[in-house]
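Protein chains: 2
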Amino acid sequence: MRQLEKTENLTYTIPMQHSSPGKGEKSESEENMKDSAMDRKENQPETEVILHDPVFAPRRESCRKVTIPSSLRRCRETGRIDAFRLQWKPGDPNPPHIFWDSDVAKVLEGMAEMLMLHPDPAMEKELNDLVDLVVSAQQKDGYLNVYFTAVEPEKRWSNLSDHHELYCAGHLMEAAVAHFRATGSRKFLDAVCRYADLIASVFGPEPGQKRGYPGHEEIELALVKLYRTTGEKRYLELAKFFIDERGKSPNYFSETERQLSPEQLPNRQAHQPVREQEKAVGHAVRAVYLYCGMTDVAVETGDPGLLNAAIRLFDNLTERRMYITGGIGSTSIGEAFTEDFDLPNATAYAESCAAIGLALLSKRLLDATGGPKYADVLERVLYNNGLSGISLSGDEFFYANLLEVNASTPEHGVTCRRRRKWFGCSCCPTNYCRFLPQLGRFCYAASADLLRVDIPAAATVSAGTYKVRIDGNYPYDGAVSLTILRGGRFTLSLRIPGWCEHFSVEVNGSAAESSSATPSRWTMTREWKSGDRIELNLELKPVLIYPHPSVAADAGRAAIQRGPVVYCMESVDNPGIPPQSVILPADPDFRLCRAEGLPEGTVAIRCGAKAEFSPDSALYRKTPPRFRDVDVCAIPYALWQNRGESSMQVFLRVAPPEP
Amino acid sequence: MRQLEKTENLTYTIPMQHSSPGKGEKSESEENMKDSAMDRKENQPETEVILHDPVFAPRRESCRKVTIPSSLRRCRETGRIDAFRLQWKPGDPNPPHIFWDSDVAKVLEGMAEMLMLHPDPAMEKELNDLVDLVVSAQQKDGYLNVYFTAVEPEKRWSNLSDHHELYCAGHLMEAAVAHFRATGSRKFLDAVCRYADLIASVFGPEPGQKRGYPGHEEIELALVKLYRTTGEKRYLELAKFFIDERGKSPNYFSETERQLSPEQLPNRQAHQPVREQEKAVGHAVRAVYLYCGMTDVAVETGDPGLLNAAIRLFDNLTERRMYITGGIGSTSIGEAFTEDFDLPNATAYAESCAAIGLALLSKRLLDATGGPKYADVLERVLYNNGLSGISLSGDEFFYANLLEVNASTPEHGVTCRRRRKWFGCSCCPTNYCRFLPQLGRFCYAASADLLRVDIPAAATVSAGTYKVRIDGNYPYDGAVSLTILRGGRFTLSLRIPGWCEHFSVEVNGSAAESSSATPSRWTMTREWKSGDRIELNLELKPVLIYPHPSVAADAGRAAIQRGPVVYCMESVDNPGIPPQSVILPADPDFRLCRAEGLPEGTVAIRCGAKAEFSPDSALYRKTPPRFRDVDVCAIPYALWQNRGESSMQVFLRVAPPEP
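Those protein sequences? They're chains A and U, same order as listed. Under the numbering used here, the first sequence has 531 at position 531, and the numbering climbs by one with no breaks. Under the numbering used here, the second sequence has 386 at position 386, and the numbering climbs by one with no breaks.
Mixed in with the good hints there might be a few duds.
Note: identical chains are not told apart, hence a pair may lie in one copy or across any two.
Unchecked claim - List of simulated lysine to aspartate or glutamate pairs, EDC-like, C-alpha gap at most 16 Å:
id : residue 1 : residue 2
1  : K622      : E501
2  : K622      : D587
3  : K541      : E501
Hints listed in this document are in silico derivations from the structure and should not be mistaken for laboratory results.
Let the hints inform the model, and build the full structure from the sequences given.
Here it is as structure tokens:
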């Protein structure tokens, strides 16, 4: 990888060393946040994380070999690439759509991220050619949007609430930053800076400027990225403006730009100022992208009020509105949150992009505060809904990630029983292009004096002077060994996950106490030498997880979880036993086994259960069902629907314990 | 009531006398249908059914005193009435909507139906004035539609698939027939005949005619009504044309008029010819209105193939796609059927209009074939979803009738937690205006030589020479006594409901055997004398009803039913016990009791149960829930949400029986 002049600071706060909060404690103190922000160092040495674990590494490879090439092909076939030639004329078929730019941008970002992990001259050339094309569509004034240049040029900035104009700009900025980091070329970066400068001239608090903000958030976090990359403070200020202006009175969407009704504002998180928002509402992807932007701006500007607002929304979201899989957004209507505890399984939305957004948010809050709950949510998302949206083959996608599909589940729009190759609105496939290459960055945070192991997926991590190899089959095996390949003085900080009840750490064969007072971290600072070995053992056992009794959809049910992995019962492994017919005992005899037809090393779980049946075919009858003994098999939720058409259920009925 | 020259023949087939099918037997033989059709008598003596039962009679009264006046007021306030003045001009606010005519027509039909039961000069004058206004909007060529006269006159007949033009025409026809029957005036009837004549000139198989049919069915059954009232065969022929043309190739909606996609055709039942359709698909109200028209045309033309198609669709609908409440349509998306056994409770649609339509269909198939299953479905609808859509006060309405509402249930559009006063698309409130006055007609079918008691709700029934008074508190009490007030020779045919396991009949104090061989009917033909008493005793006991195991939403659950009445647990009666937390024992100790705050005579049911609780507030936890003993109360589903905000559940968890 090339040496960058200025790099995006991936681990810009490392608060565990001085004020890491205890497990379960609130970590969102003003002081903590301020310290974190001050801790931030510019020009930190480059961190490299190369995964070789059994779950993420194969996904990265299928992304490189399949997802990126196939997404590029779809973008070409559907006209998304050629649209940047600006040759569409009224009357022509297939007009560019208002969100096409973002799809292309996400693929470009993915290509750049992948190049950072895996140099590939052919891919680099293709990326550069595409960047040339994209930049060629930039107008003299810096404007860069296909739809509002070729199709409706007179409508620029006229419908922020619905038309994704600033959203597309944000994705271009993210792509440009990644391109700069991967290639060292400033071409794309400079182009989006000119665009950002134009946007900063159009929007702002000054007379003659629009006091608007995007209906679909994303540009806020992108502008902070641009600020971190270029050091240009005006991008941070614009991000802060977009965040603080949102929901203020007079309301831009309902009073200034358009006449959206009060009921339409929450879908865009514009019903009240963000600092006053208590509940995660509206379109789930928009919401988490906004909260990411809030966190970024809070950290960069030292604004504990804004950070606390983001934390409050994260808490509501994850403690009242999140599926056990890390999925968020309970309804397809508006792709949105609904009410606390409304988590239907068969009509879940749980959009893949929303899970990706929740991973981005959790990672930001983890970095900003060190709070263990953020790492727990991050891990939940990464191993479950974060991967269920894409097939093992890398070219089929769920938009909505249901938690229950039975023989009668209807398909509506993007709510599908089977993954599809592409969608008219193909945000999820293109989001995977950029998400999968970044998985390592979610697991490890490394700086010259700290290696923070948040998720101990097997990898090689280097930063500062040191290089560490992490081995094991996590998350299927709780035994993780770390070998110092190249030494140095640094703090090793191992996360003890919230799901883990017993763990041990040995250093060079001897039990080693943590120097941290917090139970969610094992830490040790010393001069590590090449060949030093650290053995982390996290006890992994299958358990039943019961949802809060207010989750009516799950009444009488529990999910099987082992470590961070949520399991589901898929009909492929259980012929003749419809998942809804199964009743687990209160204390199942869980047994680990091989999962047929799934990747080597995947751990499936079996146990005895009862299954309901009835010889009666009537729709309604007085005869109670009968029961038979069965042995059922559960597989990781993220891997379902990789072996053909099937039914699936995460939450299974559990027999009440004997009185 | 005035003597009519020609009356709609309410009991046009009475097949029980000669070929009544046995309980559970298929009754749809070609021969049976032909006999039935031949049995039809013109100018049959007027039948009068005046209910005084505890369930239907108060609904009729609240309809008369509240629903009709309040619906009329809403129609006025929203501009629906004044729209018939045709004074709307482009640029004016509040343009008439494409379905407004149908709302007004249904209120007029309701007023006319009510006048037949309850003479009321003031209401009659108001009705006649409104009829004058409606008829004044008729164009010289006979056309009568506000929207396509005042708003988009150039678009007449241009978008049958979506624009409700023929649907509105059908409702005007039904209203006009009722007005004629109630008042003897031919004014409205003649106007709709002129309109029907115009429609018959526009649509048909001849060169130059459109081979179209409505996207929203209704006119088919209305045309048969018009035929039965006027004897004009061309209306029957037009109904038959609309039915047989539907779904033929080239497809009118996808190839002739517009380019609807193959996926859009089933919502309009236009994906294949109706005689080939095997499953009830698409928009539920449209579907059942179509099947009504198919049945009517089949009976009138002696077309067993068409009748069998209607029966096949009824079977699929009621044996695979019907809620226990008689509700149909499992999703708000397209207000439609989905898949066999897909019957979600919390996201049910079960539109009030669809239940009304299923009552209309069941009644038609019962009359056409005598099959007991049609009476069972009819009764299920009438006592449950048919009434849940309207408040006891008569002025609040459910559009969608959920079977489960908990503290977290979100509201989307017309899917509400509480009944509302009116809707933008207010089909359901106005449908109740015409449905409730007709309840007696659903219970009894009477002719000079037969009194068919299908639902023994207390009433006075007269036909031919005889008059019979039926007393009792059915459906809350199974003891029904019939007293001959005025005698005559006729067959008394008492339905033995499908839910009833034991019954007895006494005539003048002595046990009396049925002369029918079929277990679903007790019949006796004799010269009945004034003062003769018949005591019918239907054993009523609360039972648990289990859905088919393929209904995943109900896995591990059952509903309480007593006679035809489906019960629900409403939070009002069960403070501190969320319905989803309750587990009924497999053999509950059911006890009948008074239902607080509900009408005198309403029977509630109590039983002991377990309730789950948890002191833990985490969304996901390893700790299993704990249980406590509770005593729960269930009330009739049709009466829920009449005592303020509440949660409610029809299907309750049931403990598996001991092994």
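Consistency of the hints with the structure:
In this assembly of identical chains, the alpha carbons of K622 and E501 lie at most 16 Å apart only when taken from different copies (11 Å versus 46 Å within one copy). Taking CA atoms no more than 16 Å apart as the test, K622 paired with D587 passes between copies only; the shortest distance there is 12 Å, against 30 Å inside one copy. When the C-alpha separation of K541 and E501 is checked against a cutoff of 16 Å, the pair qualifies only within one copy, where the shortest distance is 10 Å, while the shortest distance between copies is 52 Å.
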